[in-house]
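Enquirer: So the chains spell out like this:
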Amino acid sequence: MGAAILGNVSGKFTVGWLYPDLMNIYGDRGNILTLLKRAEWRGLDAKLIELGRGAESEMLDVDVFFFGGGQDREQALIYDDLRQYKQDSLQRAVGNGAQVLAVCGGYQLLGHYYQTADGERYDGIGLIDVRTEAGKKRFIGDVVVETEIEGLSPRTLVGFENHSGRTFLGPGATPLGKVIQGQGNNGSDRLEGCVQGNIIGTYLHGSLLPKNPQLADHLIGRALSRRDGGGLSPLDDSAELAAHDWILQRAQRR
Amino acid sequence: MCGERVDVIRKTAAVWAGKATGTLSRVTRRGGGTTLPGDVARAIDPQILTRLAQDLTYGSIVITGTNGKTTTARLLSWLLEGAGHRVVSNRAGANLIFGATAAALKRAGPDGRLRADWGVFEIDEASLPSAVQEIKPRVTLVLNLFRDQLDRYGELESIAKKIERALADQRETSRTILNADDPRVAEIGLSLPRPPLWFGLDDTSIASRTLPHAADARTCPRCGSSLIFDAVYVGHDGVYRCPNQDFARPDPDIKATDITLNGFDSLAMSVGGARIEMPLGGLYNCYNVLAAFSAARSIDLSADYIADRLRTFKAAFGRQERVEFRGRHLVLVLSKNPAGFNETVRTAVDLAHGTKFVIGLNDRKADGTDVSWIWDVDFEQLTGKATVVIPAGVRAHDLAVRLKYAGVDAEPPQTDSGAALDELIKCTGEGDTVYVLCTYTAMLDLRAELVRRGWAQPYWET
Numbered sequence: 003m004g005a006a007i008l009g010n011v012s013g014k015f016t017v018g019w020l021y022p023d024l025m026n027i028y029g030d031r032g033n034i035l036t037l038l039k040r041a042e043w044r045g046l047d048a049k050l051i052e053l054g055r056g057a058e059s060e061m062l063d064v065d066v067f068f069f070g071g072g073q074d075r076e077q078a079l080i081y082d083d084l085r086q087y088k089q090d091s092l093q094r095a096v097g098n099g100a101q102v103l104a105v106c107g108g109y110q111l112l113g114h115y116y117q118t119a120d121g122e123r124y125d126g127i128g129l130i131d132v133r134t135e136a137g138k139k140r141f142i143g144d145v146v147v148e149t150e151i152e153g154l155s156p157r158t159l160v161g162f163e164n165h166s167g168r169t170f171l172g173p174g175a176t177p178l179g180k181v182i183q184g185q186g187n188n189g190s191d192r193l194e195g196c197v198q199g200n201i202i203g204t205y206l207h208g209s210l211l212p213k214n215p216q217l218a219d220h221l222i223g224r225a226l227s228r229r230d231g232g233g234l235s236p237l238d239d240s241a242e243l244a245a246h247d248w249i250l251q252r253a254q255r256r
Numbered sequence: 199m200c201g202e203r204v205d206v207i208r209k210t211a212a213v214w215a216g217k218a219t220g221t222l223s224r225v226t227r228r229g230g231g232t233t234l235p236g237d238v239a240r241a242i243d244p245q246i247l248t249r250l251a252q253d254l255t256y257g258s259i260v261i262t263g264t265n266g267k268t269t270t271a272r273l274l275s276w277l278l279e280g281a282g283h284r285v286v287s288n289r290a291g292a293n294l295i296f297g298a299t300a301a302a303l304k305r306a307g308p309d310g311r312l313r314a315d316w317g318v319f320e321i322d323e324a325s326l327p328s329a330v331q332e333i334k335p336r337v338t339l340v341l342n343l344f345r346d347q348l349d350r351y352g353e354l355e356s357i358a359k360k361i362e363r364a365l366a367d368q369r370e371t372s373r374t375i376l377n378a379d380d381p382r383v384a385e386i387g388l389s390l391p392r393p394p395l396w397f398g399l400d401d402t403s404i405a406s407r408t409l410p411h412a413a414d415a416r417t418c419p420r421c422g423s424s425l426i427f428d429a430v431y432v433g434h435d436g437v438y439r440c441p442n443q444d445f446a447r448p449d450p451d452i453k454a455t456d457i458t459l460n461g462f463d464s465l466a467m468s469v470g471g472a473r474i475e476m477p478l479g480g481l482y483n484c485y486n487v488l489a490a491f492s493a494a495r496s497i498d499l500s501a502d503y504i505a506d507r508l509r510t511f512k513a514a515f516g517r518q519e520r521v522e523f524r525g526r527h528l529v530l531v532l533s534k535n536p537a538g539f540n541e542t543v544r545t546a547v548d549l550a551h552g553t554k555f556v557i558g559l560n561d562r563k564a565d566g567t568d569v570s571w572i573w574d575v576d577f578e579q580l581t582g583k584a585t586v587v588i589p590a591g592v593r594a595h596d597l598a599v600r601l602k603y604a605g606v607d608a609e610p611p612q613t614d615s616g617a618a619l620d621e622l623i624k625c626t627g628e629g630d631t632v633y634v635l636c637t638y639t640a641m642l643d644l645r646a647e648l649v650r651r652g653w654a655q656p657y658w659e660t
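Residue numbers (our numbering), protein chains in the order written: chain A, 3 to 256; chain B, 199 to 660.
Check each hint, because a few of them may be wrong.
[Unchecked claim] Not the full set, but computed from the structure, chain A residues with beta-carbon under 10 angstroms of chain B:
#1 R31
#2 N33
#3 I34
#4 L35
#5 I51
#6 G54
#7 D144
#8 G161
#9 F162
#10 K213
#11 E242
No lab work stands behind these hints: they were computed from the structure.
Just so you know, even glycine gets a beta-carbon here, dropped at the ideal spot from N, CA and C.
Construct all of the structure, not just a fragment, from the sequences and the given hints.
Expert: Next up, the structure:
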C-alpha cells in the first residue's frame, strides 16, 4: 500500500456521485469508498464531489461517476434534474474519457427508456443502448457473472440483485458478462449489465466494487489513462478476494 | 345460531391443534415453539386471531416500526403486568401474524377462550395491515421507518403507504400514536382522518446536526425539496422542516426533555411531569421508553406509576443482555440495520467507552439476505478507538472488507460461532468488557454456542 501510481502527473483522482442523497438505496457508499480508498492507497489525492439536484459545475473534473439506484419516489424527483443539469455535462465528461458506473435505477435511467407494466414510457437519457421494461416478479438474490471485459482477474464478478426491471441490450452495447448464478438483465438471455465505451451499467450491488476490486481498478485505471499511460500498482486484496471467493463457493454448493 | 356454534367449535379445535403443536415443538426441542402453532391454528380457523383478540378484557396494543418493537412491547407488558393486568404478548421476536397468533394460543384455555386482559403485540411493518385488521387494536404505535431488509419487504415507501392505508381504515375508537421526529412516520400521521397522538424528543443537547449516511426519507412529501434538519437524534429522526414551509415535524403532544445517557447501563429523562430513570441504555431506547410511556398514558396509567415501575425493567433477549464468559463481560446488543447499528456502535464507543468488539453478520431470511447495508453503517466510529474487532457470522468476510475500508484494523474473520468465541478469548483478557453487536440470527448462533458451553440459558427460558 502507499506505492505511488506509476507516472501519474496530476496525482488527483475525483469521484462524482450522482444524487448521493436520493439515489442511494443499496449500500452504494461501498462503491464510492472503494474507489476513493483504492486511489488513496496508491498515493493519489482522492476527492469526492457530490452531485445533488441543481449541481452541474465540476462535472468535467470527475474521473469516475457513480449513479446508484433509488426508490420510485426519489427516482421521480431526479428525473427532470438529470435532463436539465446533468445530461450534457455527463455526455461531455464521458467523451473526454471519464468513466461511469451505473447500478440498478441509475443503469435504467442511462438507457433509452423504462416502460411500466401499464405501457407508460419514461425516457432515459440514452447514453447507453439499452431499454427496460417492468417485469412481474422481482429478481432477488446472489449473482455470479463471468465478465467479458478484457484483462480482468478474477474473471468473475459477484453481487446481489434486487430488481423487477427487465433490461435488453441494443447493438451499441455489449454485456458486462454472462450470468452463472442469478438472473441478470432480464432473466431470459443469461446476460448481465452492459459496457458501452466508458460506461458500465449493472444490476449488481452488494456493494459491487468492494468484493470486485479488479473492476474498481479497471475504472480507476481507465479514467487515469487519459492523462498518462501508467498502470496501477498492485494492492493486497486478500480480504476483498476472500469475500469474493466465499460467494463463489456458496454458489457452487447450491 | 347454528353458524355461531360451528364457529366456536372451529375456534376451539384451532386452539387445541395449535397448542398441541407448540407443546410438541418444545418437547422435541425444535425451538421455542414461537410461530408454528400459529400456522396450524390459522389453517383450521383463519379468523382465529380475531376471535381470540375479542376475548381480551380491555383490548390490544400493536407496535410496529423498523427498530425498537421488541423493547417497546416488553416495556408495555412490564407496565401492564405491574398494574395487575394479565398480558398476552409475542415475546421472542416472532413478529409476523403467525407469531402473534401463536402467542394468543398459548394463553388460551381448554374452552378455546383467551384468558388475558391485554394483548401487546409487536408486528413487523409489512404485516401491520393484516394485524390491524385481525386484532382491531385499541392502540397502534408506529416507532420509526428506517431502511431495513430490502430483499424481503420491498422498499420503504411501499411499506409506508400500506401502513398509512391500514391506519386510515381503523375504527374510530382506536388510537394511533406516532413518532413526530420521523419524517416518514409523520407523513403517515398528517394524512390520517383523525389526528394521532404525537411523541418526540425535545433535548437538542444530545442531538447532532448532521444526518448519518444511513438516513433516508429526507425529502418533503409535498414539494420534494430536501428537508432541513435542525437536530438529528437517531437515523433520520429529529427536528426537520421543508425549506418551502410545506411540511415540518409535528409539535409532539408528549415530549422527553432533560435526557441523560449512561452507556448501555441507564438513561434518564423527564416526560409528562415525571422523571424516568431506568436500567436501559442508548438514545434509541429513549424513543422506545417515550413510545411506551405515551401508549401507557393513553390507556390511563399514571405518569408517576410508569416512572416508578420502569426503574426495575429488564431488557429482552439479545437487547443489552449481559453474559459472563470465561471472565469476560459480554454485552450482547442486537443490531439489525444501518440506523440500529449506528446507534449501538455510537453507544458502545462514545457512551460506554468500549474498545473490544465482536460484530456478527448473517444473511439468513430473518437477517435480510442482502448485506449491502453494512456500507451504510458508520463503522468509521470504531477507527482509532477500538483495539479488538472480530468480524463474525456467515458473512464475516464482507464485514472484514467493510472494516478494512473504514480504516479499522480488524482480527481475521470467523464464520463459525465457536471459532469467533475462541478468537475472543485469544484477543481479550479476564475482566475485559466485550461488546457483541450482531444481526438477529448471528446473535442466535453466538448465543447458542454460549449455551452449549454452559455460559448462558436457552432464550425461551429467559
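Enquirer: Take the hints in turn and mark each one as holding or not.
Expert: Okay, the hints, checked on the actual structure:
1. With its C-beta approaching chain B no nearer than about 5 angstroms, R31 of chain A sits inside the 10 angstroms limit, and its interface hint holds.
2. At its closest, the beta carbon of N33 of chain A sits 8 angstroms from a beta carbon of chain B; the interface hint therefore holds under the 10 angstroms criterion.
3. Hint on I34 of chain A holds. Least Cβ distance to chain B is approximately 9 angstroms, under the 10 angstroms limit.
4. For L35 of chain A, the interface hint holds, since its Cβ comes within 10 angstroms of a Cβ in chain B; the closest pair sits about 5 angstroms apart.
5. With 10 angstroms as the threshold, the beta carbon of I51 of chain A stays out of range of chain B, its nearest partner Cβ sitting at about 16 angstroms, so the hint is violated.
6. Contact between G54 of chain A and chain B, as hinted, is supported at the beta carbon level, the nearest pair being about 8 angstroms apart and thus within 10 angstroms.
7. Residue-level restraint check for D144 of chain A holds (minimum Cβ-Cβ distance to chain B is 8 angstroms; threshold 10 angstroms).
8. The interface hint given for G161 of chain A is met, as the beta carbon of that residue sits about 9 angstroms from the closest beta carbon of chain B, less than 10 angstroms.
9. At a threshold of 10 angstroms, the smallest CB-CB gap from F162 of chain A to chain B is about 5 angstroms, leaving the interface hint in force.
10. For K213 of chain A, the suggested interface contact is upheld, since its CB lies about 7 angstroms from the closest CB of chain B, less than 10 angstroms.
11. The interface hint given for E242 of chain A holds, since its Cβ lies 5 angstroms from the closest Cβ of chain B, which is under the 10 angstroms cut-off.
The structure fails hint 5 only (numbered hints given earlier).
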